Structures are given as structure tokens and as C-alpha cells.
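Enquirer: Residue numbers (the working numbering), protein chains in the order written: chain A, 6 to 497; chain B, 62 to 320.
If you are wondering where the hints come from, they were derived from the structure by calculation, not from laboratory data.
Fair warning: this is a prediction, and the values are worked out from it, not measured in the lab.
Using N, Cα and C, we set each Cβ at its ideal position, and we do this for glycine too.
Among the hints, erroneous ones may be present.
Only pairs whose alpha carbons sit at most 16 Å apart, straight line, appear in this in silico EDC-like list of lysine to aspartate or glutamate [to be verified]: (1) 264/B <-> 238/A; (2) 264/B <-> 172/A; (3) 264/B <-> 95/A.
Computed from the model, here is a short list of chain B residues facing chain A with C-beta under 10 Å [what the hints assert, rightly or not]: (4) 147; (5) 148; (6) 191; (7) 203; (8) 205; (9) 220; (10) 245; (11) 249; (12) 251; (13) 269; (14) 272; (15) 278; (16) 289; (17) 291; (18) 294.
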Amino acid sequence: MSGAARITARGWGWRHGDRPRPAVSGLDLDVAPGERLLLLGASGAGKSTLLAGLAGVLGDAQDGDRAGELLVDGMVPEAARGRVGLVLQDPDGQTVLARVGDEVAFGCENLGVPRDEIWRRVGEALEAVGLDVPFDHPTSELSGGQKQRLAIASVLAMRPGLLLLDEPTANLDPDGVAEVHDAVERLVAARETTLVVVEHRVQTWLDLADRVVVLEPGGGVRADGPPTSLLRERGAELAASGIWVPGHHPVVDRIPAAEEAPALLVGEALAVGRRRFGERAPRTAASGIEVTVRSARTTAVVGPNGAGKSTLGLTLAGLLTPVGGRVVATQTLAGPLGDAPVRWRSRELLTRIGTVFQDPEHQFLRGTVRDELEVGPRALRRGEADVASVRDELATRLRLGALLEANPFTLSGGEKRRLSVASVLATAPRVIVADEPTFGQDALTWAELVRLLGELVASGTALVAITHDQELVDALADDRLVLGPARQGVGG
Amino acid sequence: MSLVVPEIRRSWVAGINPLAKLVVALLVGVTLVLSIDIVSAGIVVAVIVVLLPFCGLSARQLAVRTSPIVVSAVFAGIATALYGVDAGAVLLRIGPITVTEGSVALAVAILLRVLAVGVPAVLLFATTDPTDLADALAQLAKLPARFVLGALAALRLVGLLLDDWEALSLARRARGVADRGRIRRFLVQAGTLLVFAVRRGGKLATAMEARGFGGSVRRSWARVSVLRTRDIGFMAVGALVVAVAVAAAVVLGTWRWVL
Chain A
6 MSGAARITAR GWGWRHGDRP RPAVSGLDLD VAPGERLLLL GASGAGKSTL LAGLAGVLGD
66 AQDGDRAGEL LVDGMVPEAA RGRVGLVLQD PDGQTVLARV GDEVAFGCEN LGVPRDEIWR
126 RVGEALEAVG LDVPFDHPTS ELSGGQKQRL AIASVLAMRP GLLLLDEPTA NLDPDGVAEV
186 HDAVERLVAA RETTLVVVEH RVQTWLDLAD RVVVLEPGGG VRADGPPTSL LRERGAELAA
246 SGIWVPGHHP VVDRIPAAEE APALLVGEAL AVGRRRFGER APRTAASGIE VTVRSARTTA
306 VVGPNGAGKS TLGLTLAGLL TPVGGRVVAT QTLAGPLGDA PVRWRSRELL TRIGTVFQDP
366 EHQFLRGTVR DELEVGPRAL RRGEADVASV RDELATRLRL GALLEANPFT LSGGEKRRLS
426 VASVLATAPR VIVADEPTFG QDALTWAELV RLLGELVASG TALVAITHDQ ELVDALADDR
486 LVLGPARQGV GG
Chain B
62 MSLVVPEIRR SWVAGINPLA KLVVALLVGV TLVLSIDIVS AGIVVAVIVV LLPFCGLSAR
122 QLAVRTSPIV VSAVFAGIAT ALYGVDAGAV LLRIGPITVT EGSVALAVAI LLRVLAVGVP
182 AVLLFATTDP TDLADALAQL AKLPARFVLG ALAALRLVGL LLDDWEALSL ARRARGVADR
242 GRIRRFLVQA GTLLVFAVRR GGKLATAMEA RGFGGSVRRS WARVSVLRTR DIGFMAVGAL
302 VVAVAVAAAV VLGTWRWVL
């Protein structure tokens, strides 16, 4: 069996075991061999569920309820292992082995491909995605874009007739996005592979796709057609459901920056880095950084993956000790405390510097949204009335009111992000350091967050936004700090 | 490379099939726990010392890796000297504690034994790439591939979980709750890490399944793990050393069954 695969869905549906409503239901879809499909839909429309179904990894009756029929080349996907290759969003979460060559070989081994043939395929697959590293190169030493290309090479070596990409570029910087796009473009050029891509950001794949299918939350297909005409006719409607449609990206009015803004934090000849577990000395991630964080201004920290942006953010936030140079808090920010934020007590940071972590889950501490919002005010020993009023105000402002009893870990991506921001705002810090606050968000949540951050800055908060989201930079940044490729920090 | 995926330097010992090393380490361990005496353990320790330069480890690496074993050996020795069964002349008396010739001899035997059993295990892992060990266990020892590769993949998760732990610690400081209750905080954070571990594990399992892992097809192996003459020789020499150590102890009359 070879060549591109055909997809047929008839009244297909799936309900995850722990959810009351089906993620997908009543889906009818035909995809011809060699077609390139861009699969869209609002958050929760079941895009990832469909891909998992096609890859045959949804599980059995214990994991959920199946309805109707979903076939790849007339077979249930579980029986078509190797015909279908799935690449997921998180580059770290899907690497199995320690060496690049072994990683690519893994799928072939599982299919029982003979040894000589495996290594021939490994070479071909790595070449096809343009990953020019030795077979014994450690997988942990690759950049985000390289890791995603490795993931694509790994499924490619299995010679799939159907390639499924689930937001493959969501975690990548612009260079990484381009690398992955170009690799996929080469792969599907010969039309020997059917392609289904899920991505919030339509623009990335528009030139490759010859068909767009929009899933309707709750069931079925909402729109189906060629990209150009479909986006022309229904672009506004799709944008309103949170999809990033070119020409319909959200616009947030800029609030002019305040002049005469007092400095709050100053980085002087700063070198940042962290000590990895089991190592004696920290590794320097970026150095030679000069930066001044001012009240009522947004400082955008930009640069490629691995340039040390996050490490700089954590250092400015008083969480990591600088490797070299100093982070100085001015009198305005420090008040009676010393001028090195990293020496402050945990509680003393709360009203001064708040940190929104890249992965919201890392900062969740409690079992309900309500308790989560109360953590900061309680740590400051505010009175019950104060705690309640802060909580309720933030819950309203960030549309979390209906979720107060929910467990933070069960929220959607957008809700988690809003909660992580709200819990930081609860103690009204004068400086907010936000690491990729808009990362992977749909257009609606994006606009909401950007508007909120803009308002905070206008009201006097200093914002340090670490991001490779150019639109965020355009919407908010007053000052820019560009970090170069690894180890060469440039002040700016 | 990280602690979790240690860099294995090329060396004579690193070149030996992991299964051969594992067999020898097990053989030494199992045999030496049968007796407590200076001669058998002493001979094995002497051979290990001769082997050390061929392991490709720097002095610092060697010191760091073996330090837990050395420290516990010393403590076990001291404890035995102080509290072990007394015999022969009394060397030292502090209140109820007596150190005698007999308890000192026992202490040295214990110390050597902990070293003789522990150091080979440390050297095994310090000179073995986990992937190669997995290959050997699955292909030569015929352990189930599902189990061996699952364990190997789990090893990669450890690196991610260390990063998670750091982020969780920093987040707790940022959220204002890191000033007090260190022990409680540690326990709660460990619970959170467990949640992350389960979820990361689930994701990785899905990724592996999507690539055909655990299917009905008979798996092939991209890397061959074979026992060469050198590996057989290594095992033979290992067995010989153990046999000589035991024989010497018996002949010299120091062998003492612990059972």
C-alpha cells in the first residue's frame, strides 16, 4: 500500500470519557488523496480530536464514546498504523529518544521495517526536512524549529499516506515557523501525501492549502471550500469566532505612552542565565544587556527562541540571580527595601513585580479559580472584605465569574491565560513581567489580553512583555530590547 | 547534555556491551552479599581500582559519581566499628560503646563490601548510554520491548520534569507564598509535579502510539546489540575474579556466610 490516503467520515463523533458533551459529532467529510486541507474552527470545535481520531490514538471505549464512521483508505485508523503520521504542537513532548537518528528510526522499527531500509529512510527523511545534523546529535540540543522538523522527519520515515499537523508552529519563533512551513511544502509538492493542518494562524498555510474546512463547535462542518473565496466571503464571520483570518486580525487602539515616566527597574551590564540541575555553574543565556523599565511604558523583549528572553524576564522579575551585572530597583519601586529584587522576600515581590509565566499551569497553586484569585491578597494578609472585592472585580473583568468553582487545570487555553493574568493583577504590582502572554491564543482572547495590558500600562503599570508575537509588539511596545541569537545579548 | 542523559565518553569499558557489564555487576553484587569478610571484598575492590583508568571518567566525575557510595560505605564502617559484635582486644571505650579488634575487622569488611557492590553499579551507568542498555535488554536479554522502551522514554521525561520543578519553584516565589512552610510547600509542589508527570507521560504515550508503538507488528531494531568476543571475555574475567575472590576467602578461612 502506498500513495496518498483518502479520508472518509460519515456521521462521525467522539465524546471524551470525562466530558458531558461530544467534542465532535455528526461529521461528514471526504478528503481525496493528495488534497491539502487546512482545518479551522473556534477553540473547542474538536479540531485536535479529529486529528487524534484520524491518527488512531483516541483510545477505546474506556476513553470515550465513538459514533459513526471515520476511515482512512477504507480502514479504521487503528488498523492503518503507519499510513498516518501525526505531528503535535509541543516540540518537547513528542520526542522519544536521545539521538536524532534513533528518533527518526523509532517509527520504522515499530512497523517492522528491515534494518538497512530503516537507515536509508532516516537519511532521506532528515534530508527532506532539511535537518542537517549527524545521526548521533542529541535531540535535546535542537532549536524549536529543528525539533518540529525532526518530528516531521520521524513520521515521514514511516512513509505515511496522510500527514496530520496539529498546530505545528504554535510554539515557534518566526524563523522556526518558516523552516517548518518550507519543509512541509517540499514534502507535499509531489502530491503523494494527503495533508491536514490545524492552525490558529491561517496565514502560515494559506499558500499550501487547496481547501479550507471549518468545524462547527458541537458538530458538523460549518464551511468548506477553496481558501481564497471562502476567506473572502466568510472571513469576517470566521474572525469573529476567534480564527486568525488575514485581513481581519484584531485591532487594538494604542494608548499613547506617558512622558516623564519614572524608572522602576534598571538592568546594568546584565548577564542572565540559569544553573541546570546537577551543574555547578550557571550557563549564560544572554549578556551585555542594558535596560530601563519605566512606569506607564511597555518594554518588549524580542529575539529568536533560545536567545535568553525568558531567563532575562525571570531575572528582572527578581526570581533569578543575575550571572553578571545588576538588576537595580529604584527607590520608587523598592520603597524601604534594598535595591536588589532577588533579595526581597516572596511576599515583598507581590505589590512590586508580578510575573505571568509562559505556561500558566506552572503558576497555579489552588484547586479552584476562586482560591487561585485569592492567593496573592491573602499572602498580603488583606481583610476578608478586601479579598472578596478584589476577587470579584477581577473575575468580572476577565470573564471568569462563571468559573469560580472550576479547577484551574481543567480550563481552556484562553481561560488559563486569563486566570494567570488575573491572579497576578490581584496584588496590583507596579511592574508586570509577562512571558509570551499571547502564545497560542485565538484572536478573541488575544484582543482581550492586549486591550487589558494596554489599559494597565496607561494606568501607570510598567509592562515587560517577552514575546515573538510581532502584532503584540506593534500594539503595545514603547521600548524594544532585542536579544540576538544565543549568547550575544544586545542592548537596545 | 544533561545529568539525565549523561555524556558517555569513549573508553574501553564504555565499548563493552551493556548487558555484559550488567551481568558482571549483578554477579559481583549477588556473590558478595553472601559473606562478610575482608579477603573476598578486598580482591574485588582491588580489581575495580585497576579497571578505573579504563572507564574514561575524569577524577572529578569519578569522585562525584561514586561519592554517595563512598560516603555510605564509610558511615556503615563507622557504625559497625562502634556497635558491631565485639571480639578480641578492646581498642577504645566510650561509655557503653566499645571498639574492639573484632568490630574493626568487621567494619573494614563492611566498608569494602559496600564499595565492591556499589561502585560497579555506578560505573555501569556512568559508562553506558541508556539507549544502548535498552537495546541490549530488549534484543539480548529478551525483555519485552514495550517495557524497555517505555522506561527509556520515561527517562527523557525526567529532564522535562526538572524544568517543570524549577518553574514551579520560581512561580511560588512570584506568587508570594515562598516565605514560610518550606516542608509543606515542598510536599504540595511534589504533588503538582506528579500531575505534570502524568500529563506529560500521557502525551508522550500518545505520540509513541501514533508512531506505531505497541502495535501488533513484530518490531525490528535499527541498532544491533550483539555480544562480541570482547564482551564474552569481559564476563568470563568478571566471573573469574569473583570465583578467585571467593576461593581465596575460603582457603584463607575468612569466608563467613551471612545467612
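Enquirer: Sort out which numbered hints this structure fails and list those numbers smallest first.
Expert: 1, 4, 5, 7, 8, 10, 12, 16, 17 and 18
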